[in-house]
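Peer 1: Sequence:
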Amino acid sequence: MKLTDIPLSPPGGFSHPFGPLGQTNNAAAPSQFTNFLSSVIGVMTIIAAIWFTFIFISGGIGIISSGEDKGALENARKRITTGIIGLFVVVAAVFVINLIGNLLGFGSILNPIDLINQVKPR
2 MKLTDIPLSP PGGFSHPFGP LGQTNNAAAP SQFTNFLSSV IGVMTIIAAI WFTFIFISGG
62 IGIISSGEDK GALENARKRI TTGIIGLFVV VAAVFVINLI GNLLGFGSIL NPIDLINQVK
122 PR
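In this note's numbering, the protein residues as written are 2 to 123.
Incorrect hints may have been included.
[To be verified] Quick list of simulated restraints, FRET-style, between CB atoms: (1) D115 with I85: 32 to 42 Å; (2) I42 with L104: 19 to 29 Å; (3) N36 with K121: 15 to 25 Å; (4) S39 with L4: 16 to 26 Å; (5) I86 with D6: 51 to 61 Å; (6) I42 with N118: 11 to 21 Å; (7) V92 with S40: 15 to 25 Å; (8) F34 with I62: 34 to 44 Å.
Derived from the structure by calculation, the hints contain no laboratory data. Heads up, the beta-carbon is just placed ideally off N, CA and C, and yes, glycines get one too.
Starting from the given sequences, assemble the full structure and let the hints guide the process.
Peer 2: Pasting the structure below:
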């Protein structure tokens, strides 16, 4: 058997290679983009929350285990402070993006369907 005899596709070929994304019309594209963007932002927010929890717990363990070592205590405090600042930045980013969208005249820039409908040709 030669390497060229191995089939690379299912019998009959690919009927819908892009899955459900390739089966819809152009009118559904903005809502699909919104769903994708919402999922990405949600996953990134969950990752940030898990990271904050990890940093906060590791800072707490560092404070507990520092004992008399002032350097280790200061390092643990900096770790906790960095985690709190990072969480604040993640939460504040949503409000800053919304403010920038309002200042630029896009209205709700966090709602991509409205944004796409504003910039698409009529």
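Peer 1: Each hint should be assessed against the structure and marked as holding or not.
Peer 2: Checked hints:
1. Taking 32 to 42 Å as the suggested C-beta distance range, the pair D115 and I85 conforms, at roughly 33 Å.
2. Distance hint for I42 and L104: a CB-CB separation of about 21 Å, consistent with the stated range 19 to 29 Å.
3. Between N36 and K121 the beta carbons are some 18 Å apart, a value that agrees with the proposed interval 15 to 25 Å.
4. Checked against the given bound of 16 to 26 Å, the beta carbons of S39 and L4, roughly 43 Å apart, lie outside it.
5. Evaluation of the 51 to 61 Å hint for I86 and D6 yields a pass: the beta carbon distance comes to about 60 Å.
6. Range check, I42 to N118: about 20 Å between beta-carbon atoms, so the 11 to 21 Å window is met.
7. Taking 15 to 25 Å as the suggested C-beta distance range, the pair V92 and S40 conforms, at roughly 19 Å.
8. For F34 and I62, the hinted distance range of 34 to 44 Å is satisfied, since their beta carbons lie about 42 Å from each other.
Of the numbered hints given earlier, the model fails hint 4 alone.
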